[in-house]
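All chains should be built: construct the whole structure from the sequences, respecting the hints.
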Amino acid sequence: MLGEERRAEHEGALTEPASGRLVSPDIRDEFGLETIDMNMGPQHPAMHGLLRLILELDGETVVRCDPVMGYLHRSKEKISENRMYPAVIPITDRIDYMHNIAMEYGYCLAVEELLDVEIPPRADAIRALMNEFGRIMSHIPSIGFLLLELGAFTPILYAFRERERIQNIFEAVTGARMMFHYIRIGGLKADLPEGMPETMWSYIEGLEKRLQPDFVDLIEGNEIFISRTRGIGKITQEKAVEMGLTGVPLRCTGVEFDVRKHYPYGWYENLDFDVITDEAGDVEASYRVRMGEVRQSIRMIKQILENLPEGEVLGDLGRRLRPNEGDGIARVESARGEYAVHVVSDGSDTPYRVHYRTPCTVNMQLLQEIVPGHYLPDIMPIMGLIDPVSGAWDK
Amino acid sequence: MQTVLNLLEVEPIRLLVSFGAVLFLVLNLAAVLTMAERKVSGYIHLRFGPNRVGPRGLLQPAADVFKLFTKENVSPGRSDLWVFLGAPIAMFIPAALVWLVVPFAPDAVVADLNVAILFFVAITSIGALGVVMAGYGSRSAFSLLGALRGAAQMISYEVPLILSLLGVVMLTGSLSLVDVVQAQGDTIWTWYFLPQLPMFVTFYIAGLAEVKRVPFDLPEGESEIVGGYMIEYSGMTWALIQAAEFASMAVISAVTVTLFVGGWQPPLPFLDLGPFNWVWFGIKTALIMFTFQWIRWSVPRLRMDQLMDLGWKVLVPVTLIWLFVTAGAMLVF
Amino acid sequence: MGVMQQFNEPNLITTSTDKLFNWARKNSLWPLQFGLACCAIEMMSTGMAHNDLDRFGAGFFAASPRQADVMIVSGTVSTKMAERMTRLYEQMPEPKWVIAMGACAISGGPFLDGYSVLMGADRVIPVDVYVPGCPPRPEALIFGIMTLQKKIERDQQVGYDRPRPALVNEDGTINEYLPEREYTGISEGKAPRLEGIRPLQRTYVFERAGMPPASQTDVGWIPAEVKQKLKEEAKVKKAAEKDGAGSEIEKAAADGQKNGSPEEPADPKGTA
Amino acid sequence: MAVTLPEGDLDARLSSYLDGLKDRHGLEDSSVDGNIVLVWVRPEDVPAVLATARETLGILHLSFITVVDCQGSFELTYELLDLRGGQVRVKTVVEGEEPVIQTVTGIYPTANWHEREAYDMFGIAFRGHPDLRRLYMWQDHFDHHPLLKSFEISTKRTFEGLR
Chain A
1 MLGEERRAEH EGALTEPASG RLVSPDIRDE FGLETIDMNM GPQHPAMHGL
51 LRLILELDGE TVVRCDPVMG YLHRSKEKIS ENRMYPAVIP ITDRIDYMHN
101 IAMEYGYCLA VEELLDVEIP PRADAIRALM NEFGRIMSHI PSIGFLLLEL
151 GAFTPILYAF RERERIQNIF EAVTGARMMF HYIRIGGLKA DLPEGMPETM
201 WSYIEGLEKR LQPDFVDLIE GNEIFISRTR GIGKITQEKA VEMGLTGVPL
251 RCTGVEFDVR KHYPYGWYEN LDFDVITDEA GDVEASYRVR MGEVRQSIRM
301 IKQILENLPE GEVLGDLGRR LRPNEGDGIA RVESARGEYA VHVVSDGSDT
351 PYRVHYRTPC TVNMQLLQEI VPGHYLPDIM PIMGLIDPVS GAWDK
Chain B
1001 MQTVLNLLEV EPIRLLVSFG AVLFLVLNLA AVLTMAERKV SGYIHLRFGP
1051 NRVGPRGLLQ PAADVFKLFT KENVSPGRSD LWVFLGAPIA MFIPAALVWL
1101 VVPFAPDAVV ADLNVAILFF VAITSIGALG VVMAGYGSRS AFSLLGALRG
1151 AAQMISYEVP LILSLLGVVM LTGSLSLVDV VQAQGDTIWT WYFLPQLPMF
1201 VTFYIAGLAE VKRVPFDLPE GESEIVGGYM IEYSGMTWAL IQAAEFASMA
1251 VISAVTVTLF VGGWQPPLPF LDLGPFNWVW FGIKTALIMF TFQWIRWSVP
1301 RLRMDQLMDL GWKVLVPVTL IWLFVTAGAM LVF
Chain C
2001 MGVMQQFNEP NLITTSTDKL FNWARKNSLW PLQFGLACCA IEMMSTGMAH
2051 NDLDRFGAGF FAASPRQADV MIVSGTVSTK MAERMTRLYE QMPEPKWVIA
2101 MGACAISGGP FLDGYSVLMG ADRVIPVDVY VPGCPPRPEA LIFGIMTLQK
2151 KIERDQQVGY DRPRPALVNE DGTINEYLPE REYTGISEGK APRLEGIRPL
2201 QRTYVFERAG MPPASQTDVG WIPAEVKQKL KEEAKVKKAA EKDGAGSEIE
2251 KAAADGQKNG SPEEPADPKG TA
Chain D
3001 MAVTLPEGDL DARLSSYLDG LKDRHGLEDS SVDGNIVLVW VRPEDVPAVL
3051 ATARETLGIL HLSFITVVDC QGSFELTYEL LDLRGGQVRV KTVVEGEEPV
3101 IQTVTGIYPT ANWHEREAYD MFGIAFRGHP DLRRLYMWQD HFDHHPLLKS
3151 FEISTKRTFE GLR
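Top to bottom, those sequences are chains A, B, C and D. One point on numbering: in our numbering, the residue at position 24 of the first sequence is 24, and numbering is uninterrupted. All you need for our numbering is the position in the second sequence, starting with 1, plus 1000. All you need for our numbering is the position in the third sequence, starting with 1, plus 2000. All you need for our numbering is the position in the fourth sequence, starting with 1, plus 3000.
The reader is advised that the hints may include incorrect statements.
[Claimed, not checked] Short derived list, chain B residues pointing at chain A, Cβ under 10 angstroms:
id	residue
1	V1214
2	S1298
3	M1304
4	D1305
No lab work stands behind these hints: they were computed from the structure. Note that the coordinates shown come from a computational prediction; the quantities given were computed from them, not determined experimentally. We treat Cβ as the ideally placed atom computed from N, Cα and C, and that holds for glycine.
Rendered as structure tokens:
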């Protein structure tokens, strides 16, 4: 059968060494060499939260990698079923806590599809604006984390300086530093405060200037960075599509797919931006893609700020939301990939079922596929390539 | 008073007293260096660093030391206890012993051995023993991996370290560190780091690897193997390992200064401070240590195979070639 | 603490050494590098340049619990993680402190209703300082650390003196202290909520292709009562096997669980 | 190895997807709404339909698998994307309290963890799955499938409840 062939191919790829030199099992038996079992995590500095990897090591080479998750399983889907529609938004905020504005966005889009309501254009534009700020706020620390896990400590501090500044903007707009609860069903919580567009504009111009000296110059030319990341975690296009990757791990192999471009939602239809891709498909390429996406986000924010429509930001939906029976599915491009929400309504106050398709859960399947054959220290850049967030993969 | 001073003339007592003084210096140096490290990192990261304890945070190391002193000393249940507890000592003693032969000033050296360089090489290679003991004794996969990495790294980098010394030995014709310093003269352009530039760079890099500093901190590898061989140490044993690390870092800086940057010699003749020439030694050592810290906060870590490649395929050939060049030049001139 | 505790009455030496040690401890609080959830990002923010926890001497985030003094429980503790957290706490050397950061670590927060969430870190480990917020601002965490410093300086409820679970008599006197381990193994508040729920009827076990044995990944946190129950069940089973009178149905179910083929699931009700 | 993604007019593509599926399989119901092709199939046909979608029609991306507990039956939604604007939504209903369905990991390897999640949360057994362990909860000692409607966590917070 077709499927079985595919499966066999897939298993063949598993045993293929990537960069390390695997000792063949025969030789291992002949000389009585043993492999070490090693347990990495859940408390480990480089595990992006609470991930546990069960590794089998042959010297420094990883023979087998088995990710175990669920250490931050917070029953978000069950809780969502027991809350009223608007009360679910704070729960979605805590899924991907690095780019949480996209999480609210996806849920609100799904419920709006169920309710079939029109969003005021100004609200749409501001949603996209804040979403792009959120993406910058997530991508820049991601680059910092990658370097931190490679052993360079300083970039993460510079990254968090930028994050702190964007958090200040968010605090002025939404009232919170991290858990915004800003996007509401049918619009937004509030309009931008007075003078905010100018502040944003000046910040974005400053960021554009700082990007080169603070990050690119510091990271890109570094010999050790190149030697640690080039050719590591190499994914082919076919493999990436087969594994269902989305976001940066997919785009760094050269497949051009961005939900904002190919399944446009909200204000993104009106925006002019490029989908950044890279051919190499390794960790270094993922760094380049992330950096390029920060630049594209800056470009988009400028476009939105230039023609920000006027008007209301919250339509009148009433307090009690009772969508008709049916499915509402919406997908947005979060900083980690395709984030989709499937809301099933039975016509009552509370959703009958909410399913969050988080990109991290899917992208992390890559670990057990590509880590075997790499050296132990290569796990850290590969984690940086996938860049999962604990709350998102565990839900 | 006079009798006490006279006692110092007696050889074993002088040796003991001066070694005691040096040991005191080393232990304090470790404390000062932790402070310096945190402050330097603070300035590189655009933040303050410790500034609440005492004036400008200067009492921070004191607080750290007292805290570590009163901390419970845990040894893992199935560890090999004597090996586990012996490892920090086995790490600290070699780092402190090397100070015996380092000349601080013309007459200020604990033991002016005529085979001081040999002594330095012999003692530093013992340091790997402590690392292996720590990794074996802890009985943990992480520390075992760290110890194996440490042993491989320290033994491999001994080779370029020794080879890069030979140029200086050839030029001086002596194995005594005092002789080496005196041969370098009191002008900056006669110091050995100019004619022996490749050797100086090799010695610096190999020294960095020998004391396990970034980018060669694989045995610790905080984001990979979570502290490596020292993962199970707590309290005073951990403090002793840290002290050993900082002492060996200081000693490598001091030996670099002695061998290549003119020891206590002033950079220009008119800057000669007479009996206070140890100030020059101190300044130079501090500068080298500052570059160590600067590197630490700037670059990522290498991988094991890349580390070995660098050692065996780059550093060793460079030193061998430069040995031939030096020998040829000595024949010609 | 320690040696000084052997003196019953405080005297000049013990009080002044205690002062010195408490001064040292409060100024060198090394947190464990232990990020749980969303609050971990704010905890990192606290350590970074803008807020700079290092000013208080608390900036060294120890990766290994052996070198840490204070555990900042930064986020939701799931029941699966609770066992790990307890183990980490036990691996830290004395004296040690715990800060519960954020609503989740205090009470379960927004995930209080969840089936997999521990209702507060203090159900398994003793907590010294609670920092509310969801997530708390970095300033709040710094305030929490300063509060802990004050507590240490006053030598209050720290180390061996900190509150421990005890069986208290009706008149308020302490009957006996519960052993630490037992205390850390219990999760109250979970059991009643699982009442009246249909237990799992069957477990399908398919043959695994090239994957590790189940036992490696199955090691989770086992509540004490469940452990006891499992032990008893195993005993009963063993006894039944010895008698050779194990019912056909049970045998079939056990066989199916062990040797289920990849194509056919084990018979759900074992009525084969 | 380059991946070829579908090109051309979206509407033409959508109708070709629908026709392609209709020709090969007996569908229970089908419709096109916007950029979504919605097909209802029998549970035993799911792997065949998905294999057609991937191999013949070139729909390369399986976005997610949603399971809805309809108290007595389970509704499964397989969401497929062609990565260029088109969506194919394959829906099926599995009857019974303890459902069994054929796995699709052979066709879409990415379904591996989606199915593990569905098994963990609903107890749906995927026949032929290479590694069917629980994804989030413990393999042992948590004997419930928490997203089943019969597993209640607390009182529902409804509008009336708040007032």
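Hint check results:
| no. | hint | verdict |
| --- | --- | --- |
| 1 | V1214 | holds, 6 angstroms |
| 2 | S1298 | holds, 6 angstroms |
| 3 | M1304 | holds, 6 angstroms |
| 4 | D1305 | holds, 7 angstroms |
When each numbered hint is compared with the structure, no violation occurs for any of them.
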